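K.L.:
Chain by chain, the residues run as shown.
Number of protein chains: 2
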Amino acid sequence: MTFSSKLIEKAVEAFATLPGIGRKTALRLVLHLLKQEKAVTEQFSTALLNMRDGIRECQTCHNLADAEICHICADTRRDRTLVCVVESIRDLMAIEDTGQYRGLYHLLGGIISPIEGIGPSDLNIESLLARIQEGEIREVIMAISPTIEGETTVYYLAKKLQDLDVTLSAIARGVSFGGDLEYADELTLGRSIVARIPYNR
Amino acid sequence: MTFSSKLIEKAVEAFATLPGIGRKTALRLVLHLLKQEKAVTEQFSTALLNMRDGIRECQTCHNLADAEICHICADTRRDRTLVCVVESIRDLMAIEDTGQYRGLYHLLGGIISPIEGIGPSDLNIESLLARIQEGEIREVIMAISPTIEGETTVYYLAKKLQDLDVTLSAIARGVSFGGDLEYADELTLGRSIVARIPYNR
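So the sequence lines, in the order shown, correspond to chains D and Y.
Sequential numbering from 1 applies to the first sequence in the numbering used here.
Sequential numbering from 1 applies to the second sequence in the numbering used here.
Hints in this document: simulated from the structure, not taken from any laboratory.
Treat the hints with care, as some may be off.
Lysine-lysine pairs mimicking DSS-like chemistry, simulated, CA-CA at most 27 Å apart [said to hold, decoys possible]:
(1) Y/K159 <-> D/K10
(2) Y/K38 <-> D/K38
(3) Y/K6 <-> Y/K35
(4) Y/K10 <-> D/K10
(5) Y/K10 <-> D/K35
(6) Y/K24 <-> D/K24
(7) Y/K10 <-> Y/K35
(8) Y/K160 <-> D/K10
(9) Y/K35 <-> Y/K24
(10) D/K24 <-> Y/K6
(11) Y/K10 <-> Y/K38
(12) Y/K38 <-> D/K6
(13) D/K35 <-> Y/K35
(14) D/K38 <-> Y/K6
Stretch by stretch, here's where chain D covers chain Y in the computed footprint (C-beta under 8 Å, at least three residues) [to be verified]:
(15) 17–23
(16) 63–74
(17) 93–102
(18) 164–175
These numbers were taken from a predicted model, which means no experiment stands behind them.
Cβ coordinates follow ideal geometry from the N, Cα and C atoms, glycine included.
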């Protein structure tokens, strides 16, 4: 790609460092910004800089927040006896979007993955134990993706928490609602028969 | 999508104003920037601001440039008797990337499109006529996309230029090199038979 302007080239390269954005898409975005008023680019840059400067990690649950304590931990109407352990803010947001959960969270900041060199000490596990030892928490819900790394992480956490006075639970796994059994993968379908649940009449 | 941070929300919304980027992709980009050093976001913003502040339109060909005259118009090794008329900088870059053209360009800044309300007066046609009247240009190559709007624009330009002392040409149209005839669209294949060219032995 030959650029007629060093300034455009640098802007395209900046966009192209972002995940999933190649140089052609980057050029499209840059030309879009050039078509708009100068103020649009200024607002765009300011939003990013403010975000990067101002963002903090919640001291309780490691969620990304605008203050020392995130709005979920600060919300007194939430059930403080429940903690849902998630991998990342994306999983937290997915659960929040369901509107079905009113407890607190704890973000691990990743899952155990020997291939990527992530061990238990890289995750926010000690702070979870400390939170539980404070005594208010009654149940820890493990909402970790049911992958091999996820299951390993859940197993490790369960071991760590077994001597503490909390109930452990994990999100239900099985066939999707609205999904055809025919198209469910073998592993999920097989396990959902083995781990069948009583039918509530 | 529920955000735990107003700062993140604003950054996501900023990204989501860009074409082809939805809120999920925007969130992924924002979380990517948050994972990087603060300097990465600063460099990113600076590249965009510098680009938006510093970019100019070449006074000769309307190309985007860092100076009053773009690097193509300023390049004395280029053939100044040839001008290739294109719709936009993207088409200019596509032609430059072929490495097959050593003349100058003229960017129309769009094509005639009654549906989008773009008429001849919205395009850089007067400045093209002025350039031709200076007398140095011998041939005007029309490299406009062969769509209905493109053909209309070419037709309009040809009318405008008919009394001027320049040769008019248009980029060759026909089946793609390396393409199967079987898969060529009917219109292209039909026209390429009607407008067949002598075979050079």
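K.L.:
Work down the list of hints and note, for each, if the structure agrees.
P.N.:
So, going through the hints one by one against the coordinates:
1. Restraint check for Y/K159 and D/K10: not satisfied, since their Cα atoms lie roughly 40 Å apart, outside the 27 Å limit.
2. As the CA atoms of Y/K38 and D/K38 are separated by approximately 24 Å, the hinted pair is consistent with the 27 Å bound.
3. The suggested pairing of Y/K6 with Y/K35 holds, with an alpha-carbon distance near 18 Å, which does not exceed 27 Å.
4. The suggested pairing of Y/K10 with D/K10 holds, with an alpha-carbon distance near 24 Å, which does not exceed 27 Å.
5. At roughly 21 Å between alpha-carbon atoms, Y/K10 and D/K35 fall within 27 Å of each other, so this suggested pair holds.
6. With a CA separation close to 20 Å, the supplied pair Y/K24 and D/K24 stays within the 27 Å bound.
7. A distance of roughly 17 Å separates the Cα atoms of Y/K10 and Y/K35; the hinted pair therefore holds under the 27 Å criterion.
8. At most 27 Å may separate the alpha-carbon atoms for a hinted pair to count; Y/K160 and D/K10 exceed this at roughly 38 Å.
9. Among the hinted pairs, Y/K35 with Y/K24 is consistent with the structure: their alpha-carbon atoms are about 17 Å apart, no more than 27 Å.
10. In summary, the hint linking D/K24 to Y/K6 is not supported, as the alpha carbons are separated by about 31 Å, beyond the 27 Å threshold.
11. In summary, the hint linking Y/K10 to Y/K38 is supported, as the alpha carbons are separated by about 17 Å, within the 27 Å threshold.
12. Between the alpha carbons of Y/K38 and D/K6 the distance comes to roughly 24 Å, so the proposed pair stays at or under 27 Å and holds.
13. Between D/K35 and Y/K35, the direct Cα distance comes to roughly 30 Å. Violation of the 27 Å bound is thereby established for this hinted pair.
14. Taking the CA atoms of D/K38 and Y/K6, the gap is about 24 Å. The hint holds against a cut of 27 Å.
15. Check on the segment 17–23 of chain Y: 5 of its residues sit with their Cβ under 8 Å from a Cβ of chain D, so the three-residue criterion for coverage holds.
16. A count of 7 residues in the segment 63–74 of chain Y with a Cβ less than 8 Å from any Cβ of chain D is obtained; the coverage claim is therefore met, three being the minimum.
17. With 3 residues carrying a beta carbon less than 8 Å from a beta carbon of chain D, the segment 93–102 of chain Y meets the three-residue requirement, and the given coverage holds.
18. Closer than 8 Å: that is the beta-carbon criterion, and the segment 164–175 of chain Y has 0 residues meeting it against chain D, so the requirement of 3 is violated.
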